[in-house]
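Once you have looked at the hints, place chain B on chain A.
Number of protein chains: 2
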Amino acid sequence: MKMTPVKGTADYLPRQTLLRDYLQQVILETYRSAGFERILTPAIEDLENLEKSDGGDNLNLMFKIMKRGDKLSAALENGEPLADLGLRYDLTLPLSRFYAANRAKLGSPFKCIQIDKSYRAERPQKGRMREFVQCDIDILGSESPLCELELIHTTAAALKKLAIGSFTVRVNDRRVLRSVLGRLGIPEEKMDTVCVSLDKWDKIGTSGVLEELSAKEISAESCEALRELLDGGCTLEQASALCDDQESLARLTRLLEDASSLAEGYQVAFDLLLIRGQGYYTGTVFEIQSDKFKGSVAGGGRYDGLVGKFTGEQVPAVGFSIGFERIFQILEGQQFEVPSRPKRVAVLCDETDAAGAIRRAETLRADGMEASVFLRPKKLGKFLGRLEEQGFDGFLPAEPDSELRWFGQ
Amino acid sequence: MKMTPVKGTADYLPRQTLLRDYLQQVILETYRSAGFERILTPAIEDLENLEKSDGGDNLNLMFKIMKRGDKLSAALENGEPLADLGLRYDLTLPLSRFYAANRAKLGSPFKCIQIDKSYRAERPQKGRMREFVQCDIDILGSESPLCELELIHTTAAALKKLAIGSFTVRVNDRRVLRSVLGRLGIPEEKMDTVCVSLDKWDKIGTSGVLEELSAKEISAESCEALRELLDGGCTLEQASALCDDQESLARLTRLLEDASSLAEGYQVAFDLLLIRGQGYYTGTVFEIQSDKFKGSVAGGGRYDGLVGKFTGEQVPAVGFSIGFERIFQILEGQQFEVPSRPKRVAVLCDETDAAGAIRRAETLRADGMEASVFLRPKKLGKFLGRLEEQGFDGFLPAEPDSELRWFGQ
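Note that the protein sequences, when read in sequence, are chains A and B.
With positions in the first sequence counted from 1, the corresponding number in our numbering is that position plus 72.
With positions in the second sequence counted from 1, the corresponding number in our numbering is that position plus 72.
It is possible that part of the hints are untrue.
Remember, identical chains collapse to one label, so a pair may be satisfied in a single copy or spanning two.
Claimed, not checked - Below, a list of computed lysine-lysine pairs in the DSS-like style, where the Cα atoms sit at most 30 Å apart:
(1) K364 x K198
(2) K74 x K381
(3) K177 x K198
(4) K79 x K189
(5) K450 x K381
(6) K233 x K381
(7) K79 x K454
I should point out that these hints are in silico values taken from the structure, not numbers from a laboratory.
Isolated chain A, as found in the complex (with noise of 0.2 Å):
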């Protein structure tokens, strides 16, 4: 049998899940105090549910689950759909089932949090896992920019607890940036695939950009036009020169001064060429990144048509997406210790004695200390330098009223 775990999966010790629960556990407080109610969904959807979702490349990525039983002999007898669930590639969609169905008993607006793992076959690497946590907050049935505003503080506020060091906070609105890319002559039917190159910016510069339009077709004209702009550092002055959708020119703009007086300790920046690749985002985008950690440690936007594919009517909606393992990862990377643990001691105790023991490790957990019983072993000494190395602080030996010692001292 195979002892690692599955490509893409991790185990975590003891010491690794501490601070993964600590760092959840800040998180989480963070969001209720903002005012934020935590939900729960499957990690099991159906297939079908998340075919649809326009969920970009994640559907390429999905784990689907088999068929079973009379249902499995039926499909491949006629050479239908062998799988008709799936593990969720995020948490987005399946919150907008979640408000289709139980939207009359929530709150409206309803701000919800989701912590919880999502799945997806993609190539493992640092921070980039196949089972994954993720750390949302969403704001849905209002259409108000407060909302981002909101999730942009709260986002920020957790993240500033968690001691990641300096970040920014990178906004745009696919509105604006598709305005833009219309005044400078890419077609409609363009505009998609043109901002496919535009994301790799950061990866192959202007150049390798403008190869790739050449190559879609883009004229010459609008290359150059591009060009200026991309030379320009595409700031906000000059994407206001060049957009024609005035409204969500103003909401950016007015997001960008908000988010930007509330932001201590960290920076907030406009930036025309964050794209995200979710295909349901319909506005505002948003993105974190963090000094530590290359690629983003956090992203979200406005998903205004998802619930509406559920129910039929159009529910505004946004969120903003912690990647907790980058998180985790940062931390773990630093030697972070999850602060003000509890003593921990050892209960020694013989076989003969094992009621007696427990009843004494009770009254040391009654006041407050960790306390675990153990057979005094026949290699006392040994035993005990591989407890202290464990992280214990201490012990009670066997013999009776004995009286707890501390190690190191």
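Just chain B now, kept in the frame of chain A:
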């Protein structure tokens, strides 16, 4: 698109999630306090590992994950298995793999906690889900009955804190049962199938069991002896008189005495007919029955052979698992309220004062409240009524320099 969650899985509303989080936190803290350490393992396992795990009926209930891309095409072409991964059906097999892979880094004995999801394609019923949480503690690397005693005491301590009412821990040892059955003339090769029938005793009664045994060609003599045992209530005295395995019997008797002496507010009882389905159990088995739930709310036992399947070297191991969905169902049913929640308030604002409102909310958050910002709606009275329904305690009006107003005052 389908609005309901996949069959046998569930969405949890904010109020339900709060309760689930609270219950899991109480269990986790009780377990940590007793010196157990939490670990995490993936929900996805190698399918071969799962299939070779002696999981009994659970193996027929597995969710299998399809191979992908070229691997899938090749499998279809060559008539090979279409799945190579599966969702775990419990937390014990992953733990055994984890221990085999990491034992050099772990304490010895290793006392660990797992609180996580497993998956079984069972027919859903009350407290039985296809996606479900289990709360397990296990001790690996020790043969001592101290382990069993600790697991019983600690699991019971957690359940006592959850106010599920009175409960009984039922304890048996498979070796004692097999020895008794041997004395009653059941041949070795029919032990397992006889156990399957005995396991149904509480459903089909003595006559039902004996009918099944006759059909399984158990001798009339053995059936008659079994009838006497069953009619006599299968007491420890009866079992003692019929058991040749003196070592296991002495161990079990001592465990029952010790566990009873520690039991405050719950019962400990011998149950010769306690079988537990999993094939991997090798000695002690136990189960907890609550007056408020038909069927067990926790179960476990000793599985000294499972880790050895990975390492080739026998490692003694024993675990106890709380069926979290049953606990949740009991407390949800009695409308249990999570104690000591922070005050929840709404901070109202106008669109033009969003950043200001977030600053005012931060002041309330710093005072320990959950403060949620909302745009002031046109119909304020109705909105405030809904907030109160949703569990808010008060609100801060949008006018500058307002003071908090509490509902119901």
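* Quick one: K233 to K381, C-alpha cut-off 30 Å, is that within a copy, between copies, both, or neither? -> Answer is neither: 37 Å inside a copy and 44 Å across each miss the 30 Å cutoff.
* To do: Since the copies are identical, ignore which copy is meant and state whether K74 and K381 lie within 30 Å (CA to CA) inside a copy, between copies, both or neither.
  => Between. Shortest inter-copy distance 10 Å satisfies the 30 Å Cα cut-off; intra-copy 42 Å does not.
* Asked: Is it within, between, both or neither when you check K79 against K454 at 30 Å Cα-Cα?
  -> Neither. Shortest intra-copy (37 Å) and inter-copy (53 Å) distances fail the 30 Å Cα cut-off.
* Give the relationship of K450 and K381 under a CA distance limit of 30 Å: within one copy only, between copies only, both, or neither. => So K450 and K381 pass the 30 Å test across copies only (29 Å; inside, 67 Å).
* How would you classify K79 and K189 at a CA-CA limit of 30 Å: within, between, both, or neither? -> Both: 16 Å inside a chain and 19 Å across chains, each within 30 Å.
* Using 30 Å as the alpha-carbon threshold, which applies to K364 and K198: within, between, both, or neither? -> within (12 Å within a copy, 48 Å between copies)
* Is it within a copy, between copies, both, or neither that the alpha carbon of K177 lies no farther than 30 Å from that of K198? -> between (40 Å within a copy, 22 Å between copies)
Against the hints set out earlier in the document, violations occur for numbers 6 and 7.
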